[in-house]
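In terms of UniProt numbering, the sequence shown is residues 1 to 119.
Each hint should be verified, as a subset may be incorrect.
Computed Cβ-Cβ distance ranges for the label pairs, DEER-style [what the hints assert, rightly or not]:
(1) R12 <-> S64: 29 to 37 angstroms
(2) P19 <-> G48: 31 to 39 angstroms
(3) A75 <-> A96: 27 to 35 angstroms
(4) D23 <-> T2: 28 to 36 angstroms
Honestly, the hints are just simulated from the structure, not real lab data.
Even for Gly, the Cβ is constructed at its ideal location relative to N, Cα and C.
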Amino acid sequence: MTLDQIMDEALRPALALLPARMDTREAQCMLLAIGLQESRFVHRRQIGGPARGFWQFEKGTRASRGGVWGVFLHAASKAHLAVLCQARGVACDPDAIHAGLEHDDVLAAGVARLLLWTD
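Assemble the whole structure, with the sequences as input and the hints as a guide.
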């Protein structure tokens with residue numbers, strides 16, 4: 001996908017589902033840079049690995065608090081994740097979210113933005 005396509009079909013729709021304060025030019029630039037580094041916006045499933053979506057999210061574990069689990073558990077992101085999941089028709093559960101990242105670019109962009117929000 002081109003960067004214009006990513007912006008129009010994934011990032012802008014995802015950011016529209018999140019609080020307005022999360023939609024900054026800096027965040028957009030960072031999300032584009034991460035996606036280019038991780039997948040070149042070509043691979044939605046990691047080659048030979050467990051990561052999913054253009055931003056290459058691993059599921060993580062409750063104990064590690066990494067990946068999808070990290071966004072699911074973090075106080076700064078969990079309520080926003082529930083809204084995002086509801087809007088995208090995905091159960092707000094780490095297994096369902098991780099599976100959805102491979103097929104829903106808006107969900108993947110939103111989860112990637114929420115991870116940055118927790119940092």
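Structure-based check of each hint:
One distance hint, 29 to 37 angstroms for the beta-carbon pair R12 and S64, holds here, with the actual separation near 31 angstroms. Distance hint check: the CB atoms of P19 and G48 are about 36 angstroms apart, consistent with the given range 31 to 39 angstroms. A75 and A96 have their C-beta atoms about 21 angstroms apart, which leaves the hinted 27 to 35 angstroms range violated. About 20 angstroms separates the C-beta atoms of D23 and T2, a value inconsistent with the hinted range of 28 to 36 angstroms.
Hint compliance for this structure: hints 3 and 4 are not met, and every other hint is.
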